[in-house]
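Engineer: Residues per chain, in single letters:
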Amino acid sequence: MVYPAHHRQIVEELMSGKFLLNNEEHFNSLKENESFYTEFFKVSFDLELIMKPEFSYLLSKDTQENFSRDVSIFIAILSYELDRDGRNFIESFDFNEFTFEEIDNYFLNSSFVDLIESNKTLRDNESRRTLLNGMARRNIIYKTFEDRFTFTQAYKVFIDFAKELALKRIKGEPETQNTEK
Amino acid sequence: MIKAEPRTILNFLNTYFDVVRDLFEYQQQDGLITKEVFDMICHKHGAQMKSRLREYRVVRSIGSDFEMRDVYFKLMEFLLFEFKPLLPETIEKYKGAISELFMKIRKSEHSDRDILQERIKNLSGQVREFVDLVERNAFRLLAETRDLKSNIDRVQYREKVHKASFWIEYYILPLNRILDVNHSESVTSKLVEVCEYANRKRLDYSDETTRSEYEKLYTQLIQTNQDLLKQSKILTNELIPLLERIRTESLILTGFIEFLRNPYKVETPPLLKGTRTMVYAKDMYFKVREFFEQFQIEAPVIVENSEADFDRWIFDRTLFKEKLAASMPVNDFFGWCFKALKKDFDQIETDKFFAVTGLLFDEELQIDYSKKSERVSIETTTSLLNVPKLKIEPAIKL
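Line order of the protein sequences matches chains L and G. Each step along the first sequence adds one to the number in our numbering, with nothing skipped, and position 97 is 143. Each step along the second sequence adds one to the number in our numbering, with nothing skipped, and position 274 is 342.
Chain L on its own, in the form it takes in the complex (with noise of 0.2 Å):
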């Protein structure tokens, strides 16, 4: 059997939960063989691939991912300290280079001292800084430099997760709910 081509790596990087993106050569070749790669994942793993326009990944039906959680944190704590500072956050996010000293005045003189303090991956710098590497690992950011680093167009993931919930709250809408952590 003929595999496409980077077969491997399509299927290494997406089982260690890496983004994959459409910058990247290998990411064309998963396109041209989606539907091969659905099934693929599906009868092998029984893991769903997610494409979108700009990436993909793969979906796990275990929810209880904390890395997850902590970078959806991350992200909603940092949208509304950039938008509090009258900047606009999905521009940012699209187009900003963010040093990791910015993000740590953001979060140092942030309002939602209580979460931080709470969360063991955002409560000091070096905690951020593993978040920050993890999220570099999964492709969701892209380091720069040592300290700095711009966003991927993986973010959107949590974009749309806090679009989708801004609607059911709207709409009233009872969300399914976690055990707590």
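You may find that some hints are simply not true.
What the hints assert, rightly or not - Straight-line Cα separation of at most 25 Å, BS3-like style, residue types lysine-lysine; simulated pairs:
{"#": "1", "chain 1": "G", "residue 1": "LYS355", "chain 2": "L", "residue 2": "LYS64"}
{"#": "2", "chain 1": "G", "residue 1": "LYS341", "chain 2": "L", "residue 2": "LYS98"}
{"#": "3", "chain 1": "G", "residue 1": "LYS341", "chain 2": "L", "residue 2": "LYS64"}
Treat the hints as calculated values from the structure; they're not laboratory data. None of these values were measured; they are calculated from a predicted model.
Starting from the known structure of chain L, fit chain G onto it as the hints suggest.
Structural biologist: For chain G alone, kept in the frame of chain L given last:
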């Protein structure tokens, strides 16, 4: 006085938390609990509920109605994090109390020591209450203003501005005046003054116990001033520019604000969970097989014989024991060992000789020492050993 044990009351609160919460919510909403509401809440728990609520002093009668006692009300506020915003006038009263106590402390510096210490403790208590109220108010104001920004009810911009102006005029700006350290009339500036005074007195006051009270007050005020500065920063950064902030609205930000209310109770975007193989995982068998299979491909192993002459002698204890038994009785044990070895080897090394002499410790042997202290010489390849002459016989079994 309450007859019940403190633990009994806490157990009651734990078991009937829903009842107490219902009472709290009605009290918070209407300012009191009407008789009808009280009857309705207590009805499903039997007649004992009413008497217990009174016995544990959770409620008290106001005419025919009821109200929750302050200590329980504050406890519920704290547990549920549902603080009602207080008008800053209510908070400002602490300025009067703190100033009055401070003035009396300064005046009574050289009078009765006990009353001075009591006043310092009271001042500390007032400061504690003041900070607590400021924090609760700031928390509530933040929640209210985030609601405005989130605008989940989708109210019109005009109405939002009206609400924001209300919060700013009656709550935020007055609270900011209380916390503004640069304003000479603010409570914070008064606390800074008290802190400086306490700092001097903790070092130079003549009486040691009073110095210790000043020390405690000083430490408390240092922390208090830091906490108030934090609250003041929140007011300046987040609450005062409220009108400006509500001008923009974003569905995404609404979602994030709603999420941040309680991020642990909302399902976040599902991502692929990192894999970690457990011994009970389905694919463990294959992973273990893969691991061991890597050792199945055996590369040829070539063993080269060392050319060096390597004589490795292992002492056969049983053989030598048999030989010794056959030669019993032996008049000179060490001599016998040497001779026994000599039958096999031309050269006797010291370690070989010592290995054979180990037979001496056999419990089945009886050892007799020469009365004349006779000694014999044994010559090994490396040593000349001077050893006693020992007679060996089989031990007499009892």
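Engineer: Next, verify each hint and record whether it holds.
Structural biologist: Hint-by-hint comparison with the structure:
1. G:LYS355 - L:LYS64: Judged against 25 Å, a Cα distance of about 23 Å means the pair holds.
2. G:LYS341 - L:LYS98: holds, 20 Å
3. G:LYS341 - L:LYS64: holds, 11 Å
Violated hints for the displayed structure: none, as all numbered hints are satisfied.
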